[in-house]
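Chains as they are written, first to last, in my numbering: chain F, 1 to 334; chain Y, 1 to 334; chain B, 1 to 334; chain V, 1 to 334.
There could be a bad hint or two in this list.
Identical copies go unnamed one by one, so any copy, or any two together, can satisfy a pair.
Unchecked claim - With a straight-line cut-off of 25 angstroms between C-alpha atoms, the simulated DSS-like cross-links for lysine-lysine are:
| id | residue 1 | residue 2 |
| --- | --- | --- |
| 1 | Lys106 | Lys216 |
| 2 | Lys183 | Lys246 |
| 3 | Lys183 | Lys274 |
| 4 | Lys106 | Lys274 |
| 5 | Lys284 | Lys269 |
| 6 | Lys216 | Lys4 |
| 7 | Lys133 | Lys157 |
| 8 | Lys157 | Lys269 |
It should be emphasised that the hints constitute simulated quantities derived from the structure, not laboratory data.
4 protein chains.
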Amino acid sequence: MTDKIKVGVYGGSGYAGQDAVEILAHHPNVELVFATSSTYAGDPVPFTSLRYIPHAEADLSTVQAVFLALPHLASAPVAARARAAGVKCVDLSADLRLDTPERFAKWYAHEHPHPELLPVPYGLPEFNRDQIKGADLIAAPGCYPTTTLLGLYPLLKNGWLLPGSPIIVDAKSGVSGAGREPKPNTHFVEVYGNFSPYNPGRVHRHVGEIEQEIFKLDPQAGLLIFTPHLLPVDRGLMSSIYVTLKDNYRSADAQALYQDTYHDEPLVKVLPPKQQATLKHVVKTNRAAISLTPVSDRYLHITSVTDNLRKGASGQAVQCFNLMMGLPETTGLL
Amino acid sequence: MTDKIKVGVYGGSGYAGQDAVEILAHHPNVELVFATSSTYAGDPVPFTSLRYIPHAEADLSTVQAVFLALPHLASAPVAARARAAGVKCVDLSADLRLDTPERFAKWYAHEHPHPELLPVPYGLPEFNRDQIKGADLIAAPGCYPTTTLLGLYPLLKNGWLLPGSPIIVDAKSGVSGAGREPKPNTHFVEVYGNFSPYNPGRVHRHVGEIEQEIFKLDPQAGLLIFTPHLLPVDRGLMSSIYVTLKDNYRSADAQALYQDTYHDEPLVKVLPPKQQATLKHVVKTNRAAISLTPVSDRYLHITSVTDNLRKGASGQAVQCFNLMMGLPETTGLL
Amino acid sequence: MTDKIKVGVYGGSGYAGQDAVEILAHHPNVELVFATSSTYAGDPVPFTSLRYIPHAEADLSTVQAVFLALPHLASAPVAARARAAGVKCVDLSADLRLDTPERFAKWYAHEHPHPELLPVPYGLPEFNRDQIKGADLIAAPGCYPTTTLLGLYPLLKNGWLLPGSPIIVDAKSGVSGAGREPKPNTHFVEVYGNFSPYNPGRVHRHVGEIEQEIFKLDPQAGLLIFTPHLLPVDRGLMSSIYVTLKDNYRSADAQALYQDTYHDEPLVKVLPPKQQATLKHVVKTNRAAISLTPVSDRYLHITSVTDNLRKGASGQAVQCFNLMMGLPETTGLL
Amino acid sequence: MTDKIKVGVYGGSGYAGQDAVEILAHHPNVELVFATSSTYAGDPVPFTSLRYIPHAEADLSTVQAVFLALPHLASAPVAARARAAGVKCVDLSADLRLDTPERFAKWYAHEHPHPELLPVPYGLPEFNRDQIKGADLIAAPGCYPTTTLLGLYPLLKNGWLLPGSPIIVDAKSGVSGAGREPKPNTHFVEVYGNFSPYNPGRVHRHVGEIEQEIFKLDPQAGLLIFTPHLLPVDRGLMSSIYVTLKDNYRSADAQALYQDTYHDEPLVKVLPPKQQATLKHVVKTNRAAISLTPVSDRYLHITSVTDNLRKGASGQAVQCFNLMMGLPETTGLL
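Work out the full structure: start from the sequences and follow the hints.
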């Protein structure tokens, strides 16, 4: 055990936290030291011989790294303490994803609890692997941003999108994305046999995060039209993306562009032409899958899928952790 | 409208209450005057032009009959007021199902709120239609009791069961049976892909109600072994019943016994030999369906199904209401 | 019984046919005389005392009207015989939906079996009620076209769409839309927990039908980008529509436009602002529901839902039948 | 790679075969050499770089062991060839589970294709680990038998059951147990929202297999009453077992009996008192879980669960393979 990295998970009983625990419990270079839970303190932690402890009882001096699967506003203070204690930290909450306190205040309707921490590297290795390597603190992206941004990345990076033309994202998420706390909209009877949009247009909080990263790569991109839907499955997320290309690019060439871009990416799979990405391609894996449909010369349809709790949350957090620790990037993830 | 019976529904936003409202809104002899809801007061009442009102604002002087789809302990006081006001009442809660205050105290761990109301006719028309006709106050049975008792009735009434031999009921219910209030065990993610027993053996509250009615018909019947399970569907309930017959009866003759017993029952269907009762036979209908499997000479297996919100709750309540009001028994139910 | 219209259903055991039978069995002005099925001949017809008969045994001289819920190419010959026999006919297949044999040949890769029948009134009462009244033969629209066209109608009719700008439709259908014949893609295990696009872009056969009707109303409309998905529910269909308005129209005004347009339509409900249309609004009803989201001044998002077997198939077919027969349009449908 | 055991899978595209491939692809001591499929020959084999080959193209001389996930009657001939070729073989079909050709003929209504192979060790390690070690050919049990027999084993082995008293098993299986070939009863729309018994009483083929093993351990056991049901989930199986104990045993003592019996079993978990075994305990794992409810002194209720494709099929087959090969029993299974 002496060679293993000692790790703690805050918020280990929520759905993202459970998957973080499951991945870390099987990770060959990790020793899981604690997992916290306010609701389930005292209960056994699955896949381990631990029991959940209250957040306040977690001792940062016993670990080298922590994962924060906490609600927003609750997460930043722990991140600040981890940084002060010299403990590496992957934050899965929204607290550190937006680069400025102003942007956070706009989308989360609350003053940022620790503005001195911003900005923090955005934990999407396919976008900014070099920033993540060796970082002490990482903001792991949300599930919708990860899935959507991976679906757009080759176009954004290479300037294929028609300037000012809207990027339309019709997204669908399994119910675990709504969290473990029982609410009327996650009651089995309400979800079963149903399919429903929520926060459509430009009001979902992830719009701010997605557009922030879009504009870094392509400042001329059009506005994001984003409609998330609740899908009656437990896990899995699809972003169905509709874009318009510049005149000098042809949708039929996008397949090669994507294959080239992601050729060496171990956790992003571009499907062959005519195959369609589905949830089954990714559920319970740490991968994204992408398929492309040239609709006409100028119009391209992209389907991007992840497991919202894996590549959309905890799997990606561990991918960042591996990079931060100098481990092979996919350790524990294949 | 002048000929219609004016009716109110207390607790009209819960799952049983919603179905009561839906049936009554289409009932040709009913005018729905109000539906109450503590949680959803002000919201539109589906299938009507009404809005939910708080319980306290319901005016008993405006109706001739009420349905009480309230939690236990909350229901009996309203039943008492309805009786005092001369308003006919079908109570769907557990408050009036057990014949004595002592039995209620045993199973519900609480003193009975209105012992002076007991006993009340048990609203299972196939058992005691004559008591229901003309009654002012009826205790509508629970979903497990209705389904189980209809599956046993011909055997109990005709003394076919081996005295002292246990009656084994392996029961499965859709999630609406657990109520509309969000709880951890009804969260979509917890139920999806799962199947789980709860309160097995002899501890579920419906055991008291089922045995009370069993022993009225067959005092020598053995004890009830009852295991309910949560089924990952929204509605539908199955009681899988295993019994031992007296030596002088043969399981192969049970088919004729059941067909004869239920021959004139409009809302109980005995399936032909070899066909199996399934949820699809009854979901969104007000009927029960029963199938029989002679396992060996002495052992009989019975499958009994209902929609837990219809024949297992609101459909049966309206069936009782029709009898109480002198209307044709199946009005609004076919 | 003497006043009732005698009706037959061809293909009464498929999913659309089953719903047609169910609606007609409860229709106060209809006597169902026969229902045909090649696979289930001899089995009881649900909701009736009939048994399915082979197609060849159906006698057109015994009925005044027929519904054809047959596969394409099998349907047109029966329609031709019905016309010859003076029997009114609602065809639910694709055979008569496209106005010309050339268009049929393009989308169905087969010569039209009865070109002399074309064109036939398209059975979408909200579009062309007057053509349907008194017609002898009607082509009932498909589920995707109905849902999509109702979602676009007020914009098309009033010329609000930016000429040449694409109409993006991300559509989702319950599995019954794929028919009752067992196929690998409708196996429970393949669908469960999955969500998958199929025939994306401009290749699904309904594209031809939708664009035909779009261009009748707005010849300047842009091309249709249409991605259907298989949704893991049994019934229900959503078209999520993204459009760009002309400069002189504002998305915020669309709510009033839709409410005005559909004000007197008994089977189309425009939801209030901020409410979102979901499958639960329409499943097992004969209605469509529509909600609107102004994304920005020029971009409008529309959610349109139907039950694919009701307003998307058999409910609408009966709506047409009522018009053809001079009955109140919603008879048997509320 | 030189140290790895070369393995082939026949029938690798069915549901049991897929799971065998998945487990073996991650097994540290296995090199998967081929996977056969009649239907999907040419398609990629998930989790590997192989493509499915037709059964006839599989070369037994290239492997040291094979798994047969073939239909009954198709499997025994391959087992015979494997034996002749000196290749170790785990047969997942029913062909070799019954000890005599007569018993096979009774339950499968067909002469046994290779009676000279019988009897073969029954691949349930918790029952007969010693027979499996070093064997060349093993009959892996079915899903219902595994789950039921593990639930009964401590009682049978220690003679706790009342002689002649029936063993009642109300069983529920996910749909993958019905195989991958599309059939009407596995169509998504037929299963969704439904729950249905099939082959109830004593007619399901697994009755013969279960009773064979019961009587080996307890010749005085009563007859098996066995009702399987189709559960609307993709995987997971529960046997709900109801038994009567001899007078000198008390149901309250069963907990200790089970804990002692399974104390050293790595793949059977006895839950603590009051906890109930559910599908979530075992789905996608290679374990069984068991919970006990003392109903009264003499009556005991047992809930036993497995993943029907894992401990109920391929996981257990690999467990047997590990024993046959002298590997640690749980290699690749935790």
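So, going through the hints one by one against the coordinates:
In this assembly of identical chains, Lys106 and Lys216 lie within 25 angstroms of each other by CA distance solely inside one copy; the values are 19 angstroms within and 45 angstroms between copies. For the identical chains of this complex, Lys183 and Lys246 are neighbours neither inside a copy (44 angstroms) nor across copies (41 angstroms), given an alpha-carbon limit of 25 angstroms. Proximity of Lys183 to Lys274 under the C-alpha cut-off of 25 angstroms is restricted to the inter-copy arrangement: shortest distance 20 angstroms between copies versus 39 angstroms within a copy. Proximity of Lys106 to Lys274 under the C-alpha cut-off of 25 angstroms is restricted to the inter-copy arrangement: shortest distance 21 angstroms between copies versus 41 angstroms within a copy.
For a Cα distance limit of 25 angstroms, the shortest separation of Lys284 from Lys269 qualifies both inside one copy, at 15 angstroms, and across copies, at 23 angstroms. Proximity of Lys216 and Lys4 under a CA criterion of 25 angstroms is satisfied in neither setting, with 37 angstroms inside one chain copy and 49 angstroms between copies. Only within a single protomer do Lys133 and Lys157 lie at most 25 angstroms apart by alpha-carbon distance; the minimum there is 21 angstroms, versus 57 angstroms between protomers. Taking the shortest alpha-carbon separations for Lys157 and Lys269, only the intra-copy value of 18 angstroms comes in at or below 25 angstroms, while the best inter-copy value is 44 angstroms.
Of the numbered hints stated above, those contradicted by the structure are hints 2, 6, listed in ascending order.
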